[in-house]
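Turn these sequences into a full structure, and let the hints guide you.
In this text, residue positions in the sequence shown follow our numbering: the first is 1, and each later residue adds one.
Derived Cβ-Cβ restraints for the label pairs, each shown as a range:
| hint | residue 1 | residue 2 | range |
| --- | --- | --- | --- |
| 1 | D198 | R17 | 32 to 40 Å |
| 2 | E110 | I13 | 17 to 25 Å |
| 3 | R17 | R175 | 43 to 51 Å |
| 4 | R47 | R237 | 44 to 52 Å |
| 5 | D2 | E108 | 29 to 37 Å |
| 6 | P106 | E224 | 18 to 26 Å |
| 7 | D98 | G146 | 39 to 47 Å |
| 8 | R123 | R233 | 31 to 39 Å |
What the hints contain is simulated information worked out from the structure, not anything from laboratory work.
Each residue gets a CB set at the ideal place from its N, CA and C atoms; glycine is no exception.
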Amino acid sequence: MDVSEQDFDTAVIERSRTVPVVVDFWAEWCGPCLQLGPVLERAIDAREGKVELAKLDVDANPNLTRAYGVQGIPSVKAFKDGEIVDEFVGVLPPAAIDRFLDGLVPSEAEQLAEHGDEESLRRAVELEPTRAEAVVPLARILHERGEDDDALELLERVPGSFSAQALAARIVLERSGEPNLSEAFAALDAEDRARALDLLLEALPSADGARDDIRKVVVGVLDELGVDDQLARDSRRRLAAALY
1 MDVSEQDFDT AVIERSRTVP VVVDFWAEWC GPCLQLGPVL ERAIDAREGK
51 VELAKLDVDA NPNLTRAYGV QGIPSVKAFK DGEIVDEFVG VLPPAAIDRF
101 LDGLVPSEAE QLAEHGDEES LRRAVELEPT RAEAVVPLAR ILHERGEDDD
151 ALELLERVPG SFSAQALAAR IVLERSGEPN LSEAFAALDA EDRARALDLL
201 LEALPSADGA RDDIRKVVVG VLDELGVDDQ LARDSRRRLA AALY
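Right under this line is the structure:
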């Protein structure tokens, strides 16, 4: 599909909110562009609608070319949710183009994890045993059912996940019963993160051997809130003060 400055917002920006759109910035006089174009088209056609291709002639659309900082062609930019998420310049071999496109298309496990039900999560974990987006929600379901040993076994697969560490630490704290954090965990389950953080941080100074597990639970909540959240900022300062 050829696009221009007149329809770029609709055909690329808005469309990318539904399906990834790859824009090929090219020109008729550009030999490498003519070499890349057919390879890119075949690779996208093979994905059967999971990715779409838009071709933009840089000579006919100078404003867009400047706006997106195109200095050399062929220049390929991938859009998702209205934003550029990946790009490359020049001619790549077919295998590299395949990797580029595969990075834009959710895997089967990723799609299953988004469903969130137990059956889908179990299948996602079978396909990708270390995908935290599937492992942690499945472990939460098991924890809610009291199947804590199975939950902990799952969580060990994703040691780099703050959410996984937080849930594992919560299970350890609940089992020990010291200190009593039942009210804090009830607040977490009710999604009252402010109350939960207050109670967790208040428990830290006198927690002795449980301090590191409480810290992990707090860090998990902060990670969910995100770095720009005001509650997370305030709680991060309080956490540092309580620990150091």
